[in-house]
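K.L.:
Sequence:
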Amino acid sequence: MSQLTRVGRESTSSIIARQLRAAIRDGEFEPGAQMGEAELAARFDVSRGTLREALQRLVEEGLLSGERHRGLFVRELSASDVQDVYVTRNAIEQAAARLILHGDRIGVADELAGVYDRMRSAVRRGDQRAVGAADVEFHELLVARSGSHRLMRMARTLLIETRMCIRALQDAYELPEELAAEHGALVGALRNGNEALVLGLIDAHMDDAVRRLTPGRGLHDPLPPLDPEPRAVGS
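Just add 996 to wherever you are in the sequence shown, counting from 1, and you've got the working numbering.
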């Protein structure tokens, strides 16, 4: 224990990473946007070294990718990436739902119903931005109410990547009411405690998103082999 030291306040690079993560989530940096070191270092009033530490965190999280001699860019999700996001979300959200079903499922269903109502109101107003925000809020709340810190930690980056898909997903629904209805059905099944139906609805919801975003591909289709070597900043 002698090698352990007191934990200090949040580092500057961690604060910058958190702010950049939120900016990517909110669409301030679109997929494919270059993350210029000089501009960002000046914007945050920090050294390039500190900025690179923050950017490296986002590379490790899969939000940024490096191109040799060109720098770092907000990652553009391929069809395989989109499928992988929803495959992983499916596993996480089914695990969260199982925990909720054995806990305060009525209370959680009531909270989710509130988000669902806001989603329906946004659909009626034609406010796609609000529909997308409610969609992400619904799934974030589902995982958070499971009580599992680890599920929530895994879901956090995935939900940012989901926000990167949201605009395309909304365009893929000819009737936005269909998207809202899928969430309403899940609320009802959760309230009734029907585990098989809850898990089936989550699976169908994720599969439907994959098929709409990547025609010809389904949630359970094989994924390509992984590249085991992560890219480092500046590589």
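These aren't lab readings, by the way, just hints derived from the structure by calculation.
Even glycine gets a Cβ: it sits at the ideal position worked out from N, Cα and C.
The reader is advised that the hints may include incorrect statements.
What the hints assert, rightly or not - Label pairs and their in silico Cβ distance ranges:
#	residue 1	residue 2	range
1	Arg1066	Glu1006	37 to 45 Å
2	Ser1010	Leu1137	37 to 45 Å
3	Pro1220	Glu1063	33 to 41 Å
4	Glu1107	Arg1014	37 to 45 Å
5	Glu1063	Asn1190	44 to 52 Å
6	Gly1122	Gly1045	13 to 21 Å
7	Glu1072	Gln1015	35 to 43 Å
8	Ala1034	Glu1072	38 to 46 Å
9	His1216	Arg1152	40 to 48 Å
10	Arg1213	His1098	27 to 35 Å
K.L.:
Against this structure, judge whether each hint is valid.
P.N.:
Hint check results:
| no. | hint | verdict |
| --- | --- | --- |
| 1 | Arg1066 with Glu1006: 37 to 45 Å | violated, 31 Å |
| 2 | Ser1010 with Leu1137: 37 to 45 Å | violated, 25 Å |
| 3 | Pro1220 with Glu1063: 33 to 41 Å | violated, 20 Å |
| 4 | Glu1107 with Arg1014: 37 to 45 Å | violated, 25 Å |
| 5 | Glu1063 with Asn1190: 44 to 52 Å | holds, 48 Å |
| 6 | Gly1122 with Gly1045: 13 to 21 Å | violated, 47 Å |
| 7 | Glu1072 with Gln1015: 35 to 43 Å | violated, 21 Å |
| 8 | Ala1034 with Glu1072: 38 to 46 Å | violated, 23 Å |
| 9 | His1216 with Arg1152: 40 to 48 Å | violated, 24 Å |
| 10 | Arg1213 with His1098: 27 to 35 Å | holds, 33 Å |
Of the numbered hints given earlier, the model fails hints 1, 2, 3, 4, 6, 7, 8 and 9; all others are met.
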